[in-house]
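> Protein sequences appear in the order of chains P and F. The opening residue of the first sequence carries number 1 in the working numbering; numbering runs sequentially from there. The opening residue of the second sequence carries number 1 in the working numbering; numbering runs sequentially from there.
These are computed hints drawn from the structure, not numbers from a lab. Worth double-checking, as some hints may not be accurate.
[Said to hold, decoys possible] Each computed DSSO-like pair below joins lysine-lysine, with the alpha-carbon atoms no more than 30 Å apart:
| hint | chain 1 | residue 1 | chain 2 | residue 2 |
| --- | --- | --- | --- | --- |
| 1 | P | Lys111 | F | Lys278 |
| 2 | F | Lys323 | P | Lys121 |
| 3 | P | Lys111 | P | Lys131 |
| 4 | P | Lys182 | P | Lys121 |
| 5 | F | Lys278 | F | Lys305 |
| 6 | P | Lys182 | P | Lys131 |
| 7 | P | Lys131 | P | Lys121 |
| 8 | P | Lys111 | P | Lys121 |
| 9 | P | Lys131 | F | Lys305 |
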Amino acid sequence: MAFLELNDVQKSYGEHAVLRGIDLHVEEHEVVCLIGASGCGKSTLLRTINGLEEIQGGDIVLDGECISGEGVDLDRLRTRIGIVFQSFNLFPHMTVLENVTLGPRRVLGVKPVEADEYARKLLDRVGLAHKADAYPDQLSGGQQQRVAIVRAVAMNTDVLLLDEITSALDPELVAEVLSIVKSLAADGLTILMATHEMNFAREVADSIAFLHEGRVLEQGPPEQIFGEPQEARTREFLGQIIAAGRL
Amino acid sequence: MTLSSATRPIRIRERITSDRDSSGTALLVGALCCLLATASAILSALTLPGAAEGIWRVTIGLALWGLVGLAVLAGLPVLRGLAHRRAASEAASAGRSTQARAFRFRATQSGWIAAGYALPLLVIVGFAQFLGANNHAVQTTFFDVPFMLQSIGDVTVGFWQNVQIAVLAEILVLIWAMVIALARIMPGRAGRPIRWLATAYIDAFRAVPSIIVIYLVGFGLPLAGIPFFSELGPLWSSVLALTLTYGAYVAEVYRSGIDGVHWSQVAAARSLGLSYGKTMRFVVVPQAVRRVMPPLLNDFIGLQKDTALVTIIGTVDAFTQAKILANNYFNLSSVTVVAILFIIITIPQTRFVDRLIERDNRAKTRG
Chain P
1 MAFLELNDVQ KSYGEHAVLR GIDLHVEEHE VVCLIGASGC GKSTLLRTIN
51 GLEEIQGGDI VLDGECISGE GVDLDRLRTR IGIVFQSFNL FPHMTVLENV
101 TLGPRRVLGV KPVEADEYAR KLLDRVGLAH KADAYPDQLS GGQQQRVAIV
151 RAVAMNTDVL LLDEITSALD PELVAEVLSI VKSLAADGLT ILMATHEMNF
201 AREVADSIAF LHEGRVLEQG PPEQIFGEPQ EARTREFLGQ IIAAGRL
Chain F
1 MTLSSATRPI RIRERITSDR DSSGTALLVG ALCCLLATAS AILSALTLPG
51 AAEGIWRVTI GLALWGLVGL AVLAGLPVLR GLAHRRAASE AASAGRSTQA
101 RAFRFRATQS GWIAAGYALP LLVIVGFAQF LGANNHAVQT TFFDVPFMLQ
151 SIGDVTVGFW QNVQIAVLAE ILVLIWAMVI ALARIMPGRA GRPIRWLATA
201 YIDAFRAVPS IIVIYLVGFG LPLAGIPFFS ELGPLWSSVL ALTLTYGAYV
251 AEVYRSGIDG VHWSQVAAAR SLGLSYGKTM RFVVVPQAVR RVMPPLLNDF
301 IGLQKDTALV TIIGTVDAFT QAKILANNYF NLSSVTVVAI LFIIITIPQT
351 RFVDRLIERD NRAKTRG
């Protein structure tokens, strides 16, 4: 049994079905990239995994424990699965340090001094130690997203969900964010990442899942998905990416 | 079909520059306004001071002749405008049409500027005439300066009551309104009856005039003989009544602020494992309070003014004091003093709110 498993997960908004039976496996310490056209359900899928969206069918299993359905302790679930959003969503009324220590202090009950120390260490790792006392609106998009990653990482979750974390960034800022993801992957974090950065996915992912119309059409190692995709839809999608000069 | 042939725009090919000249009208209006202001100011300056005595005659005379001077000054742009007009026609005859246009524009502006400065002067002169009407009975009724100076002591002592009521009520409103606002947005099915209750409270107390609430609380609670509440006394009854009313207003202000915090902030907080309560406490409410500062302070200004209503339950506030004095001396100038005291404490606050709003707007356009 995989560390994180999605079995036949279904989700719809009223009549509109977004996820039509998702099957996905993520092993511990693995980086899995979700690729697919806009609107294929990548973001929704990630949001169902940490309970931001309810699912209507199927189940989600983390480390042998079912984490979907009625009555799950969502607050506790979220201490095991963290998420970083496309639009950063830092808290504008808090400094960088306060953003990072909020979860550890108020949820995990870490002492302020220890939380600060740990947060500063993490910020130092992403090159933002000098910005600890700055407010989010004083930072560039790339810096904000690095803080958002640190905020999620500071919770020491088992799984980190990354929801198109570079899509809102100017092109020259993408690299500084992706290099952090790479180092987190090297640390052995379990990462499930929706992305349009195909080159990055090919380089870093252990496994690629291609989503199309609410289903995982194909999952496999990058060499297979990018080299010899089995599905016509996958070939078509990758063809369009190549035509746009992005692969 | 190509893109350019698909849409054929309508084109306007009229010349942008015309020789139309409106400076004559503007200068004529400006000149007339100035003349009218000057004439009426002179008339007032000659007639009005005669009714006053001693130092007041001199003061009023000086003020009115000052108005005459200002009215004359307001005419200066007309002279400048006439010069521009001459320059415009010279430039036009020399064939420098762009320059002529610029001079015509400046002449027109000068005319309107003169009119713009003269009209307020006319209003001020009109007001002076109003005060002087009926052998300056209006002035002595509302602005009897010696009586105002005499009553200022008692009225200010009474005003201290208003200040106390306002500050105490404001502190309580800040807390009470947040309780109501949070009840108003209580989540889930279990919270629904609480939401209804809070909504009913807000609807009721926004509908009932504050003077009615003050009356009912101030007279009703002692009449009902409820322990504690019937022994509140006028000051605390007033505070309670105003807290009830303004709690409803400010609860709505808080709620709009909470609604204004983007849902993604809640998503981010919940994703860190923060409970609903902690999300509200650490993420939503702090941002909401910041953004509702201007409307909140506006409601507080309203509350401060409504402290004058407590006079109906016999609280000896500034208005009550002023009314006693007004009845004794058959003159309303003591009430004018109350009005002036309210103006003095309110204007700095409204300016402060304006600055807050301006700062918010700047922050928004920057963001």
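> Is P/Lys182 within 30 Å of P/Lys131, Cα to Cα?
Holds - the C-alpha atoms of P/Lys131 and P/Lys182 are around 22 Å apart, at most 30 Å.
> CA of P/Lys111 to CA of P/Lys121, is that 30 Å or under?
With a Cα-Cα distance of about 15 Å, the restraint between P/Lys111 and P/Lys121 holds, given a limit of 30 Å.
> Regarding the pair P/Lys111 and F/Lys278, is the alpha-carbon distance no greater than 30 Å?
Cα-Cα ~17 Å, so holds.
> Under the criterion that the straight-line Cα-Cα distance not exceed 30 Å, is the pair P/Lys131, P/Lys121 satisfied?
It holds: about 12 Å lies between the C-alpha atoms, which stays within 30 Å.
> Are P/Lys182 and P/Lys121 close enough, with their CA atoms no more than 30 Å apart?
holds, 18 Å
> With a cut-off of 30 Å on the C-alpha distance, tell me whether F/Lys278 and F/Lys305 pass.
violated, 36 Å
> Given the proposed pairing of P/Lys111 with P/Lys131, does the C-alpha separation stay at or below 30 Å?
holds, 22 Å
> Do the alpha carbons of F/Lys323 and P/Lys121 lie within 30 Å of each other, as the hint requires?
Judged against 30 Å, a Cα distance of about 69 Å means the pair is violated.
> Starting from P/Lys131, check that the Cα of F/Lys305 is at most 30 Å away, please.
violated, 46 Å
Hints 2, 5 and 9 from the earlier list are contradicted by this structure; the remaining hints agree with it.
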